[in-house]
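A.B. asks: These protein sequences, in sequence, are chains A and B.
Using this note's numbering, the first residue of the first sequence is number 71, and each one after it goes up by one.
Using this note's numbering, the first residue of the second sequence is number 11, and each one after it goes up by one.
No lab work stands behind these hints: they were computed from the structure.
Mixed in with the good hints there might be a few duds.
Unchecked claim - Here are the simulated SDA-like pairs of lysine to any residue, each with C-alpha atoms no more than 25 Å apart in a straight line:
{"#": "1", "chain 1": "A", "residue 1": "K257", "chain 2": "B", "residue 2": "T237"}
{"#": "2", "chain 1": "B", "residue 1": "K202", "chain 2": "A", "residue 2": "K474"}
{"#": "3", "chain 1": "A", "residue 1": "K257", "chain 2": "B", "residue 2": "R234"}
{"#": "4", "chain 1": "A", "residue 1": "K467", "chain 2": "B", "residue 2": "L101"}
{"#": "5", "chain 1": "B", "residue 1": "K293", "chain 2": "B", "residue 2": "D242"}
{"#": "6", "chain 1": "B", "residue 1": "K202", "chain 2": "A", "residue 2": "P276"}
{"#": "7", "chain 1": "A", "residue 1": "K257", "chain 2": "B", "residue 2": "V209"}
{"#": "8", "chain 1": "A", "residue 1": "K257", "chain 2": "B", "residue 2": "H178"}
{"#": "9", "chain 1": "B", "residue 1": "K191", "chain 2": "A", "residue 2": "L339"}
{"#": "10", "chain 1": "A", "residue 1": "K467", "chain 2": "B", "residue 2": "D133"}
{"#": "11", "chain 1": "A", "residue 1": "K467", "chain 2": "B", "residue 2": "Y131"}
{"#": "12", "chain 1": "A", "residue 1": "K257", "chain 2": "B", "residue 2": "D242"}
{"#": "13", "chain 1": "A", "residue 1": "K467", "chain 2": "B", "residue 2": "T103"}
{"#": "14", "chain 1": "B", "residue 1": "K191", "chain 2": "A", "residue 2": "E252"}
{"#": "15", "chain 1": "B", "residue 1": "K16", "chain 2": "A", "residue 2": "G340"}
{"#": "16", "chain 1": "A", "residue 1": "K306", "chain 2": "B", "residue 2": "E208"}
{"#": "17", "chain 1": "A", "residue 1": "K257", "chain 2": "B", "residue 2": "K202"}
{"#": "18", "chain 1": "B", "residue 1": "K202", "chain 2": "A", "residue 2": "G258"}
{"#": "19", "chain 1": "B", "residue 1": "K202", "chain 2": "A", "residue 2": "D281"}
{"#": "20", "chain 1": "A", "residue 1": "K306", "chain 2": "B", "residue 2": "L205"}
{"#": "21", "chain 1": "B", "residue 1": "K16", "chain 2": "A", "residue 2": "R385"}
{"#": "22", "chain 1": "B", "residue 1": "K202", "chain 2": "A", "residue 2": "P253"}
{"#": "23", "chain 1": "B", "residue 1": "K202", "chain 2": "A", "residue 2": "R385"}
{"#": "24", "chain 1": "B", "residue 1": "K191", "chain 2": "A", "residue 2": "G264"}
{"#": "25", "chain 1": "A", "residue 1": "K467", "chain 2": "B", "residue 2": "T195"}
{"#": "26", "chain 1": "A", "residue 1": "K467", "chain 2": "B", "residue 2": "L132"}
{"#": "27", "chain 1": "B", "residue 1": "K190", "chain 2": "A", "residue 2": "A254"}
{"#": "28", "chain 1": "B", "residue 1": "K202", "chain 2": "A", "residue 2": "A254"}
{"#": "29", "chain 1": "B", "residue 1": "K191", "chain 2": "A", "residue 2": "G340"}
{"#": "30", "chain 1": "B", "residue 1": "K190", "chain 2": "A", "residue 2": "G264"}
{"#": "31", "chain 1": "A", "residue 1": "K467", "chain 2": "B", "residue 2": "E98"}
{"#": "32", "chain 1": "B", "residue 1": "K190", "chain 2": "A", "residue 2": "G340"}
{"#": "33", "chain 1": "B", "residue 1": "K16", "chain 2": "A", "residue 2": "L339"}
{"#": "34", "chain 1": "B", "residue 1": "K191", "chain 2": "A", "residue 2": "W265"}
{"#": "35", "chain 1": "A", "residue 1": "K257", "chain 2": "B", "residue 2": "N259"}
{"#": "36", "chain 1": "A", "residue 1": "K257", "chain 2": "B", "residue 2": "L205"}
{"#": "37", "chain 1": "A", "residue 1": "K474", "chain 2": "B", "residue 2": "A129"}
As the list claims (entries may be wrong) - Some but not every residue of chain B turned toward chain A, in silico, with C-beta under 8 Å:
{"#": "38", "residue": "Y31"}
{"#": "39", "residue": "N34"}
{"#": "40", "residue": "H145"}
All C-beta atoms, glycine included, are put in the ideal place defined by N, C-alpha and C.
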Amino acid sequence: MSLLLIKNGHLIDPANGIDKKSDLWIEDGKVVAVGKHTGTADQTVDANGKIVCPGLIDMHVHLREPGEEWKEDIESGSRAAIAGGVTSMCCMPNTGPHIDHAGIARQIIERANQVGLCNVHPIGAVTKNLDGKELTEMRELSRAGCVAFSDDGMPIWHAGVMRKALEYSSSFGYMIIQHAEEPALTKGGCINEGWISTKLGVTGMPVEGEDSMIARDIMLTRRANAFYHVAHISSKGGVALVRAAQAEGLSVTTEAAPHHFALTEEEVLGFNVDAKMSPPLRTEEDRLAVIEGLRDGTIDVIATDHAPHHEDDKRCGLSCAAFGIVGLETMLPVSLGLVHSGILTMSDMIGKMTSKPAELLGLESGTLGLGSEADITIFDPESKWIVDRETLVSKGKNTPWHGKEMTGQVTHTIKAGRIVFENGTIHD
Amino acid sequence: MMNPLKHLFGIADMDREQIEYLVNLGHSFIDINRRPLKKAPTLRGKTVINLFFENSTRTRTSFEIAGKRLSADVINISAATSATKKGESLLDTGQTLAAMQPHVLVIRHSISGTCEFLAEYLDNTAIVNAGDGAHEHPTQILTDLLTLKQTWGSPEGKIITMVGDIAHSRVARSHLLAAKKLGYTMRIVAPKTLLPAEVERYGCEVYYDIDEALPGSDAVYMLRVQTERLTDSCAFPSVREYHEAYGLNMQRLKTAGDDCLVLHPGPMNRGVEIATDVADSVKSHILAQVEHGVAIRMAVLAALCGGEGGDES
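The whole structure should be built from the sequences, with the hints applied where relevant.
C.D. replies: Listed below in C-alpha cells is the structure:
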C-alpha cells in the first residue's frame, strides 16, 4: 500500500465538474480522495501554484512503429508524450504494416504496455492497406483494442467506399475519423493555396479540398446515421459545415491541432519545411474560425497530429519535404495560449484534452473520479521556457516552434499513480 | 552605400538600387561581347559551377559564356545525368560541390526555394538562382530590363503585357516583383486555369482577353507554353484553341500601337504562343534578350565575386 499526496494544487477535472484548490490522494495507482483523507502520505508532491488535471489524451498521433522506427517508436513516442503531460494517446494506422488487422493492433498495445509510460490506443484502418477499396475487419480490430477507425494520411476519397464504411462501422457503434481532403483538388500541393503559394511558386492545396470532402461526408453520415469525426480541421468552411451538422443533430464531431489555431500560412514564408503539414496552415480567417469553433464547442477536442519525421525527409526543399510536425511536447503550452488570451477557460481547454476525447472514444481515462486510474498531469501555467528542437524527447525534431517562447510547462506526469516525469526528468 | 549582394536568389530580396546597379553593370559588359577578342580578366582565378537539374540550353550556355568571357573557370554539371541519378540528395550534391571551393554556384532546379535551402548549409559559396520551380528567375528579368533600357531608358511608367502560363512561370513572378520596385505596370493575360491564386495581390492588372489588354501596351511579353502541361492539367482543351485565344499574331500586335516591343524568354513555340511573322519582325527583341542575357550574367558573376569590371588582382 502506498499513498501519494498531491497537495495545494488547483484541481481541474472537467469530467467531474471540479475546479478548485484541493489536495488529491492516490493509493495503489487509483484516485482515492479529493480534499481530506485519513492516512499519512508516503510521497508528497507540492503543487502549490500549479494546475492538477487528468492526464492529457492526444487522440491523434503517429508513432511510426512498426515500420519506421527511425522516425519514432512506441518507446520514444511514449517518452515524448509524458514529457508533454500526455498519458493516453491514439495512434494512427499508417504504419508498415498498417493497423489493418488485429495482430498489429495487439502488438502495439503489448509494446506500449511493456514501455509502461503512456496508454496507447490504436486507431484501426478503415480499408485494407489504406488503399480505399476494401473494408477491414472492424469488429476484429475493435476486439483487439482499436478505439476508432481511420485511413488518416490518406482520405477515404471514394464516395461509395465511404458510404459503406460509415454504414458498417456505425452498425457496431464505431466512429470513422476522416482525413478530409479531396485528392483531385489537392494533388501535388504542398501548402495552402493562396497568396503565399503564389509568392513561393509552389503548388497549393485549395481549402475547397477540405471543405468539399467534409460536405460530402456529412451527407453520407446523415443517410447512414453514422458516427463521423473530422480529423485536424483547419478551414473556416469546414468548421461551419460541422457546426451546421451538429445543429441538425448528426453525430459529427471534430478536433483541432494546436498549429491550426496558433499559426497561419505565413509561417511557411522562407520555405520553412517545419511549417509543412496536411492539412496545411491556412489563412488568419481560417485560424480565427477554428478558434471560434473551439470557443463555441463545435470543436470538441484538441489533438496534435504528432507526425515525427527524420531530418533526411525534411531537408530537401519545401515541395518534396515530408508532411507533418511533432506536437506532443508543445500541445499543452500552445493550447494554453487560448486560456491566456481569454478565449477558453482553463477547464474548457483541459476538457478538450481529457474528458471530451475520452467521451468520444469511450476511454476510461480523462477523469480524476474516485477509483479511476491515477493518470495525472501537473503543470505551471505561467512558467516560461524556450522550445529547442535538440532537446525534444521525440525522435522527430520537426517543430515550427523551435526557438519560440512558451508559457506553461508540465512539471509532473503521473501514470497509474507512478511519477513518470518530473521537472524535465523521465523516470523509466 | 548599396547593400552588397551575397547571393542572387530572386528579385524579392533586391531593392531598386541593387536591380539598377546590376542592369547598369550589365550594360557596361555588352561591348566586350561584340569585340573581336571577347575576353576580360575580371574573374581570373575564380571558379563558377553551373549546376543544372533541369534541361536548359540558353540559360546554361549564357552563364557559361559569361563566366568564360570574364576569364573564370567554368564547370557545367547537368545533374539529370550525374550524381542525382545515383540517388544522391540535393543537399549532398550541393555540399560536395561546395567542398571543391567554387566562388559561385549557379543553380537551376524544379523545386522552388532550392537556392535558399542550399544557402543555409553552404558557407563561402555565392549562389545564383538560374530558375527555381515556379518561384523566381532573376537573371532573366535583369536581362529583360537591360533590353528595355536600350529602347526606353527607364521602364518607369511603362506597361508590359505578359501573356501565357502565369501560374507555372517563374519569369512572371520575378517580373511582377520587379514592376512594383521599378514603377512599371504589368498586365497579365491568361485564362483562369493558368493564373495562380490571388495574383492580383502583386498589384498587377489581370485580363482574360488578350485583345482587351494589348491597346496601350508598351511591350508584349509572350511566355512559352508547355503544351503537355496545358492538356494534362485540363488548363486548355487544345493547342489550336490556345493559339486562337491567346497567340500573338501580327494583326493583334498592331492593336498595341506602333512602338510596342515583343519579348519572349525562349525557347519559343512558333505557332502556339507566337506567330512566326511576329517572332521575326522588327518589333521582336527576342534575340536582343539573348544577347543581353550574357552581359547580365557577366554582371551578376562579377558582382558576386567582388570584381566590378577591372582586374582586381
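A.B. asks: Would you pick out the hints that fail for this structure and give their numbers low to high?
C.D. replies: When the structure is compared with the hints, numbers 2, 5, 14, 23, 25, 27, 35, 38, 39 turn out to be violated.
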